[in-house]
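*Asks:* Sequence:
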Amino acid sequence: MNRTIVTLAALGLLVGCGVPKEQLEAKALEAENYRRQYEDASNQAKAQDAKIAELTKQVQALTAQLEEANQAKAGAEEATAAAEQKVQQLEVQLAEATALNETLSRDKEKLAAAKKELEQKSQQYEQLAQSLKEEIRAGKIELSELKGRMVVKMKDKILFSSGSVKINPEGQAALAKVAEALKDVQGKIIQVEGHTDNVPTDPKGPFASNWELSTTRALAVVKLLQEKGVDPAKLSAVGYGEYHPIASNKTANGRSLNRRIEIVLAPEEHAPGVKAPRTASNK
Numbered sequence: 001m002n003r004t005i006v007t008l009a010a011l012g013l014l015v016g017c018g019v020p021k022e023q024l025e026a027k028a029l030e031a032e033n034y035r036r037q038y039e040d041a042s043n044q045a046k047a048q049d050a051k052i053a054e055l056t057k058q059v060q061a062l063t064a065q066l067e068e069a070n071q072a073k074a075g076a077e078e079a080t081a082a083a084e085q086k087v088q089q090l091e092v093q094l095a096e097a098t099a100l101n102e103t104l105s106r107d108k109e110k111l112a113a114a115k116k117e118l119e120q121k122s123q124q125y126e127q128l129a130q131s132l133k134e135e136i137r138a139g140k141i142e143l144s145e146l147k148g149r150m151v152v153k154m155k156d157k158i159l160f161s162s163g164s165v166k167i168n169p170e171g172q173a174a175l176a177k178v179a180e181a182l183k184d185v186q187g188k189i190i191q192v193e194g195h196t197d198n199v200p201t202d203p204k205g206p207f208a209s210n211w212e213l214s215t216t217r218a219l220a221v222v223k224l225l226q227e228k229g230v231d232p233a234k235l236s237a238v239g240y241g242e243y244h245p246i247a248s249n250k251t252a253n254g255r256s257l258n259r260r261i262e263i264v265l266a267p268e269e270h271a272p273g274v275k276a277p278r279t280a281s282n283k
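If you read the sequence shown in my numbering, its first letter stands for residue 1, the second for the next number, and so on.
Because the hints were derived from the structure by calculation, they are not lab data.
None of these values were measured; they are calculated from a predicted model.
Just so you know, not all the hints are guaranteed correct.
Unchecked claim - DSSO-like cross-link-like pairs, simulated, lysine-lysine; straight-line CA separation at most 30 Å:
1) Lys73 / Lys157
2) Lys177 / Lys155
3) Lys157 / Lys86
4) Lys110 / Lys133
5) Lys147 / Lys86
6) Lys153 / Lys228
7) Lys133 / Lys188
8) Lys110 / Lys157
9) Lys228 / Lys110
10) Lys250 / Lys153
11) Lys108 / Lys155
12) Lys234 / Lys153
13) Lys183 / Lys234
14) Lys234 / Lys147
15) Lys46 / Lys155
16) Lys188 / Lys250
17) Lys157 / Lys250
18) Lys86 / Lys140
19) Lys27 / Lys57
20) Lys147 / Lys133
21) Lys234 / Lys250
22) Lys51 / Lys27
23) Lys140 / Lys188
24) Lys155 / Lys166
25) Lys86 / Lys73
26) Lys188 / Lys204
All chains should be modelled from the sequences, with the hints used to inform the complete structure.
*Replies:* This is the structure:
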């Protein structure tokens, strides 16, 4: 409004100076148009500045959000890597635990088998001891067990006369009881071992050495056990002469202890020539 008044005043002065009125009015209108255009441009510039400021704020906010997102992404990647490493560690631990469990299972099976075998051995020992309790009580027989081998030990004076290989009646009766007990034994081989003292055999006698004497006596016992019903496939005889003493041969009592027959019961797999069962791997 003020600018319009000033323009009109200026026109009045110019009219007074002899400038045509129409020309002056045209100039005034042109000046007014420029003024309005300037004001419009100024207003648009202010609006644009405000818009730029708002957009700048938005850009700054988005930049901050992007930075936070990048940081979160980095953290997530680290967390993912840590989780993957933990999974790998757990997989290793699981594999180790599985292997250990398999080992423990095998050990458990072995222990169960060993326990069963021990129980069977104990049962066989008790049954044998019960069957021979009278002979054991009378001192005719000694029964022992060591490392899975049961041994029925008989002094030679119960079985044989001095220098003889013929089993006497007392010995036959004792061996009959032994045979009765051995007939029911399963999973064992039965080896009859002959032993002597270190006194040489009579050069004029039938035995050249204690080897022959001990072996012949062992064979005599084997034959009697077979006659009494013991499976001959399980029986064997061996003579050790004086070379496996259990006492000193310097005394009469020691020599008496060394003159003996031992009936040894051992697991069948320990028998010479016994083949392992055929399996898929050795067929």
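*Asks:* So, for every hint listed, does it hold in this structure?
*Replies:* Structure-based check of each hint:
With a C-alpha separation of about 97 Å, the suggested pair Lys73 and Lys157 falls outside the 30 Å cut-off, and the hint is violated. For the suggested pair Lys177 and Lys155, the alpha carbons sit about 15 Å apart, so the restraint of at most 30 Å is met. For the proposed pair Lys157 and Lys86, the alpha carbon gap of about 78 Å is over 30 Å, so the pair is violated. Straight-line distance between C-alpha atoms of Lys110 and Lys133 comes to about 33 Å, which puts the hinted pair past the 30 Å bound.
The hinted pair formed by Lys147 and Lys86 fails the criterion: a straight-line CA distance of about 50 Å is larger than 30 Å. Distance restraint check for Lys153 and Lys228: the Cα-Cα separation of roughly 18 Å lies within the 30 Å cut-off, and the hinted pair is therefore satisfied. Pair hint Lys133 plus Lys188 holds up; C-alpha atoms about 21 Å apart against a cutoff of 30 Å. Between Lys110 and Lys157, the direct Cα distance comes to roughly 44 Å. Violation of the 30 Å bound is thereby established for this hinted pair.
A hinted pair counts as satisfied when its Cα atoms are at most 30 Å apart, and Lys228 with Lys110 does not qualify at roughly 37 Å. Under the criterion of a C-alpha separation no larger than 30 Å, the hint pairing Lys250 with Lys153 is consistent with the structure, at around 21 Å. The hinted pair formed by Lys108 and Lys155 fails the criterion: a straight-line CA distance of about 43 Å is larger than 30 Å. At roughly 18 Å between alpha-carbon atoms, Lys234 and Lys153 fall within 30 Å of each other, so this suggested pair holds.
The hinted pair formed by Lys183 and Lys234 meets the criterion: a straight-line CA distance of about 10 Å does not exceed 30 Å. Our distance criterion of 30 Å between C-alpha atoms is met by Lys234 and Lys147, whose separation comes to about 19 Å. Our distance criterion of 30 Å between C-alpha atoms is broken by Lys46 and Lys155, whose separation comes to about 131 Å. Of the supplied pair hints, the one linking Lys188 and Lys250 is violated, its CA atoms being roughly 36 Å apart against a limit of 30 Å.
Our distance criterion of 30 Å between C-alpha atoms is met by Lys157 and Lys250, whose separation comes to about 19 Å. For the suggested pair Lys86 and Lys140, the alpha carbons sit about 72 Å apart, so the restraint of at most 30 Å is broken. Restraint check: the Cα-Cα separation between Lys27 and Lys57 comes to about 45 Å, which exceeds 30 Å; the hinted pair is violated. Proposed proximity of Lys147 and Lys133 is supported: the alpha carbons are some 22 Å apart, at most 30 Å.
For the hint pairing Lys234 with Lys250, the CA-to-CA distance comes to about 36 Å; that exceeds 30 Å, so the pair is violated. Distance hint between Lys51 and Lys27 is unfulfilled; the C-alpha atoms sit about 35 Å from each other, more than 30 Å. For the hint pairing Lys140 with Lys188, the CA-to-CA distance comes to about 23 Å; that is within 30 Å, so the pair holds. At most 30 Å may separate the alpha-carbon atoms for a hinted pair to count; Lys155 and Lys166 meet this at roughly 14 Å.
With a C-alpha separation of about 19 Å, the suggested pair Lys86 and Lys73 falls inside the 30 Å cut-off, and the hint holds. Only pairs whose Cα atoms come within 30 Å are accepted, and Lys188 paired with Lys204 is rejected, the gap being roughly 40 Å.
Checked against the numbered hints listed earlier, the structure breaks hints 1, 3, 4, 5, 8, 9, 11, 15, 16, 18, 19, 21, 22, 26; every other hint is satisfied.
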